[in-house]
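Okay, so the sequence shown: first residue is 217 according to the working numbering, each after it adds one.
These are computed hints drawn from the structure, not numbers from a lab.
Bear in mind the structure is a predicted one, so any value in this text is a computation, not a measurement.
It is possible that part of the hints are untrue.
As the list claims (entries may be wrong) - Cross-link-like lysine-lysine pairs, in silico, DSS-like; alpha carbons within 30 angstroms at most:
| no. | residue 1 | residue 2 |
| --- | --- | --- |
| 1 | 229 | 418 |
| 2 | 223 | 269 |
| 3 | 236 | 421 |
| 4 | 234 | 418 |
| 5 | 297 | 421 |
| 6 | 223 | 418 |
| 7 | 341 | 324 |
| 8 | 263 | 420 |
| 9 | 297 | 234 |
| 10 | 223 | 236 |
| 11 | 269 | 341 |
| 12 | 324 | 263 |
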Amino acid sequence: MFVMIVKGLVWTKLLPSKVKIMAFFILTAMMFRYICILILFLDNNIKYLYMLKMPFFLNLIAVPMIALTLIYIFMRRDNIKFHYIFILSALLCVLYGFTVYNCGAVVKNVQQYPFVWGYTMNFPKDSYIYWSYVLFNTLVLFFSLGFMGKNNPNRFGIYMMVFAAAVTSAELIAWFLNVNILVQPILGDMSWIAVFIYVLNKIKKRVASG
Numbered sequence: 217m218f219v220m221i222v223k224g225l226v227w228t229k230l231l232p233s234k235v236k237i238m239a240f241f242i243l244t245a246m247m248f249r250y251i252c253i254l255i256l257f258l259d260n261n262i263k264y265l266y267m268l269k270m271p272f273f274l275n276l277i278a279v280p281m282i283a284l285t286l287i288y289i290f291m292r293r294d295n296i297k298f299h300y301i302f303i304l305s306a307l308l309c310v311l312y313g314f315t316v317y318n319c320g321a322v323v324k325n326v327q328q329y330p331f332v333w334g335y336t337m338n339f340p341k342d343s344y345i346y347w348s349y350v351l352f353n354t355l356v357l358f359f360s361l362g363f364m365g366k367n368n369p370n371r372f373g374i375y376m377m378v379f380a381a382a383v384t385s386a387e388l389i390a391w392f393l394n395v396n397i398l399v400q401p402i403l404g405d406m407s408w409i410a411v412f413i414y415v416l417n418k419i420k421k422r423v424a425s426g
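Let the sequences and hints guide you as you build the complete structure.
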């Protein structure tokens with residue numbers, strides 16, 4: 217995950233300015249999230265871990281921002297301006313800050329998992345946050361399916377996007393049912409980052425070729 221994020225951050229300098237800004241913000245947010253996950257994994261002292269609450273859940277806005285950016289790129293509509301993505305992203309950031317600040321998170325020991333130590337964090341009394349995230353990914357899934365039948369040169373990227381949305385929704389639903397594959401629900405994050413890096417690479421090559 218760190219390798220993909222760092223690679224994407226290196227590529228941002230070769231991207232068009234508006235995509236560069238969005239990509240840099242998204243990848244930086246995900247980097248902060250996974251640094252927090254690493255700290256929670258390695259730290260044995262719970263005392264200050266609650267302070268990581270704000271960056272720990274950054275995937276809740278980074279993934280929607282990835283989806284909005286990819287939908288814009290795949291739609292290729294000249295009458296839709298990219299600044300709408302900035303406006304929606306700004307609103308998401310405000311909503312995220314308000315929600316995470318006002319909702320109580322719980323730092324939980326993960327010793328019940330074999331060969332795993334450290335802590336994780338969640339919102340046990342505010343499950344609507346996760347269900348909203350599942351709903352968003354489900355909507356993206358069906359919206360993306362609508363592009364599959366069209367003559368779109370980015371069809372493989374759309375397939376990847378459908379896969380990422382499906383994995384994210386399925387992983388969180390399984391998590392609600394206490395069917396945990398991993399301590400942290402990160403498979404969806406990895407899928408979205410993979411498709412985002414794939415698209416950034418295509419844009420980078422297109423810019424390089426003129």
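The hints, checked one at a time:
For the hint pairing residue 229 with residue 418, the CA-to-CA distance comes to about 14 angstroms; that is within 30 angstroms, so the pair holds. Between residue 223 and residue 269, the direct Cα distance comes to roughly 26 angstroms. Compliance with the 30 angstroms bound is thereby established for this hinted pair. As the CA atoms of residue 236 and residue 421 are separated by approximately 14 angstroms, the hinted pair is consistent with the 30 angstroms bound. Only pairs whose Cα atoms come within 30 angstroms are accepted, and residue 234 paired with residue 418 is accepted, the gap being roughly 16 angstroms.
For the proposed pair residue 297 and residue 421, the alpha carbon gap of about 22 angstroms is at most 30 angstroms, so the pair holds. At most 30 angstroms may separate the alpha-carbon atoms for a hinted pair to count; residue 223 and residue 418 meet this at roughly 14 angstroms. Between residue 341 and residue 324 the CA atoms are separated by roughly 14 angstroms; this keeps the pair inside 30 angstroms, and the hint holds. With a CA separation close to 44 angstroms, the supplied pair residue 263 and residue 420 exceeds the 30 angstroms bound.
Taking the CA atoms of residue 297 and residue 234, the gap is near 11 angstroms; set against the 30 angstroms cutoff, the hint holds. With a C-alpha separation of about 13 angstroms, the suggested pair residue 223 and residue 236 falls inside the 30 angstroms cut-off, and the hint holds. This hinted pair checks out: residue 269 and residue 341 have alpha carbons roughly 15 angstroms apart, not beyond 30 angstroms. Pair hint residue 324 plus residue 263 holds up; C-alpha atoms about 12 angstroms apart against a cutoff of 30 angstroms.
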